[in-house]
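What follows is the residue order along each chain.
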Amino acid sequence: MSVIELANPSRFLALSGRALPWLAAATVLAFVVGIIQISFAPDDYQQGATVKIMFIHVPAAWLSIFGWLLMSTAALGTLVWRHPLADVAAKAAAPIGSAFTLMCLVTGSLWGRPMWGTYWVWDARLTSVLVLFLMYLGVLALWRTIEDPTQAARAAAVLTLVGAINVPIIKFSVDWWNTLHQPASVLRLGGSTIHPAILVPLIVMAIAFTLLFLTLHLAAMRNEIMRRRVRSMMMLQAAASSES
Amino acid sequence: MTALAALLTRDLRLAVRVGGGALIGILFFTLLVTVVPFAVGPDLPLLGRLGPGMLWLGALLASLLALDRLLAMDHEDGTLDLIFTARVPLELAIATKALAHWLTTGLPLVVAAPLLGLLLNLDPKATGAVAVTLLAGTPALTFIGLIGAALTVALRRGGLLLAILVLPLTVPVLIFGVAASNAAIVGPVPFGTPFTVLCALTLMSVVIGPLAAAIALRQGLE
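These protein sequence lines map, in sequence, to chains H and P. Under this note's numbering, the first residue of the first sequence carries the number 70, and numbering increases by one thereafter. Under this note's numbering, the first residue of the second sequence carries the number 1130, and numbering increases by one thereafter.
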């Protein structure tokens, strides 16, 4: 089974239809394991129970990057190979990626309120995630503005790739800006090693959320293919009724 | 080469003649800077501290405002299709168009900045620093904006979307532009460090901008 054969939407639908229940079951299983582990995980001596927010926050942060990587790969597929499924994959990934980015921001500020005493600081990482979120919204806006799905896919692909080049630059410059403007941040994850009691559930949760992302993405791709079929059927119908 | 030169002179002529609107950007820039004291108060020391940031923000918004003129008018009257079929590579042709656009909208901002710095209570050294950083940084704004202009060229109301797409990409330019200006005024970083990065950003966008914009145009016009 090569990627080219998957370009046939019917074959993709059949295959993904078989894979989806298994993927969903794996997601549920990973979440059950993760939540059980979290409930046994000790509170942090400094952060108390709020450390539990990290079990959502860190996977969301990872997936906000993962979403853009997925979109960039799909964008290459769109621009280089004109792969029709790449369009669908890119379109389906954008809302999911932006949702996880928003989740990362929201959980981050909820955690920051008791820990830092404020919902928002212009910390380097917070700022670059915010810019990433705005870029996700820009891609979504572009998808919604261009009517023709193929053209929208190509425009979004160019923007995604330009964004992929720019995300590291933005990250670097925001880091630089931050160290210039204010003293070193309140918290550095790298500074302290994480105890296995926290680290293991964190990894399990990261896997669970990644599986959730993939499940949602596959389901969204199937929906998008069906939406396109409905669209073309309606256009055929309209053409037929105007002829008669 | 002559074709590119012809394109450059054509765009420059069009910009300065009736309907070109080359000076609207600079008027907007002036107005924006004039409005700042109304918003933050006429406190001169405060204005002096905010000055470089305000000038950069004004220049950023003014060049964003002008971006939809970069390709849209040529798309409407069919010039873009001619450029598309010309023997000159599309990348070079639109890079030339972006250069002409910068000469008529970006460069006037650089020239106006010292005058407006006077209004914002900047001392000569600060004014010079802002002008130099604008000179080095505004091409980056134009060439990054070129990508957005190419993406939205076929849309009838692309102006606002264009700004939304381009603004996040200009964050590094803004950061290093303002940082270099501030470094020249108060330190502690030497002026050269952020300024060199700013130049690097400009050079990179001069390469990436036309390439990405040409891809976008080719995909869109098919």
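Just so you know, the hints here were simulated from the structure itself, not pulled from any lab data. For clarity, every value in this text was computed on a predicted model and none was experimentally measured. All C-beta atoms in this analysis are idealised placements derived from N, C-alpha and C, irrespective of residue type, glycine included. Watch out, some of these pointers could steer you wrong.
Stated by the list, open to error - Negatives, chain H to chain P, calculated, CB over 10 Å:
#, residue
1, Gly86
2, Arg87
3, Asp112
4, Ala210
5, Leu228
6, Val231
7, Ile234
8, Gln306
Stated by the list, open to error - Among the chain H residues that face chain P by a calculated CB cut under 8 Å, a handful are:
#, residue
9, Gly207
10, Leu209
11, Asn235
12, Val243
13, Arg298
Stated by the list, open to error - Ranges between beta-carbon positions, derived for each pair:
#, chain 1, residue 1, chain 2, residue 2, range
14, P, Asp1210, H, Val175, 45 to 53 Å
15, H, Tyr188, P, Leu1160, 39 to 47 Å
16, H, Arg182, P, Pro1319, 55 to 63 Å
Right, here's what the structure says about each hint:
For H/Gly86, the condition that its CB be more than 10 Å from all CB atoms of chain P holds, with the nearest at approximately 31 Å. H/Arg87, annotated as away from the interface, keeps every beta carbon of chain P farther than 10 Å; the closest lies near 34 Å. In this structure H/Asp112 is separated from chain P by more than 10 Å, as the shortest Cβ-Cβ distance comes to about 37 Å. For H/Ala210, the shortest C-beta to C-beta distance to chain P comes to about 6 Å, within the 10 Å cut-off, and the non-interface label is violated.
Not every CB of chain P lies more than 10 Å from the CB of H/Leu228, the least distance being 6 Å, so the non-interface label is violated. Separation of H/Val231 from chain P is inadequate, the least Cβ-Cβ distance of about 5 Å not exceeding the 10 Å criterion. The claim that H/Ile234 lies off the interface is violated: its Cβ sits roughly 7 Å from the closest Cβ of chain P, which falls inside the 10 Å cut-off. Distance to chain P confirms H/Gln306 as a non-interface residue, since its nearest Cβ pair spans about 27 Å, more than 10 Å.
For H/Gly207, the interface hint holds, since its Cβ comes within 8 Å of a Cβ in chain P; the closest pair sits about 5 Å apart. A distance limit of 8 Å between C-beta atoms decides the matter here; for H/Leu209 the minimum to chain P is near 10 Å, and the interface restraint is violated. Restraint check, H/Asn235 versus chain P: the minimum CB separation of about 5 Å is within 8 Å; hint holds. Checking H/Val243 against chain P by beta carbon gives a least distance of about 7 Å; that is within 8 Å, so the hint holds.
Given hint, H/Arg298 at the interface with chain P, is violated; its Cβ is 23 Å from that chain's nearest Cβ, farther than 8 Å. The beta-carbon spacing between P/Asp1210 and H/Val175, approximately 47 Å, falls within the hinted interval of 45 to 53 Å. A hinted range of 39 to 47 Å for the beta carbons of H/Tyr188 and P/Leu1160 is inconsistent with their spacing of about 34 Å. Range check, H/Arg182 to P/Pro1319: about 38 Å between beta-carbon atoms, so the 55 to 63 Å window is missed.
The structure fails to meet hints 4, 5, 6, 7, 10, 13, 15 and 16 from the earlier list, while all remaining hints are met.
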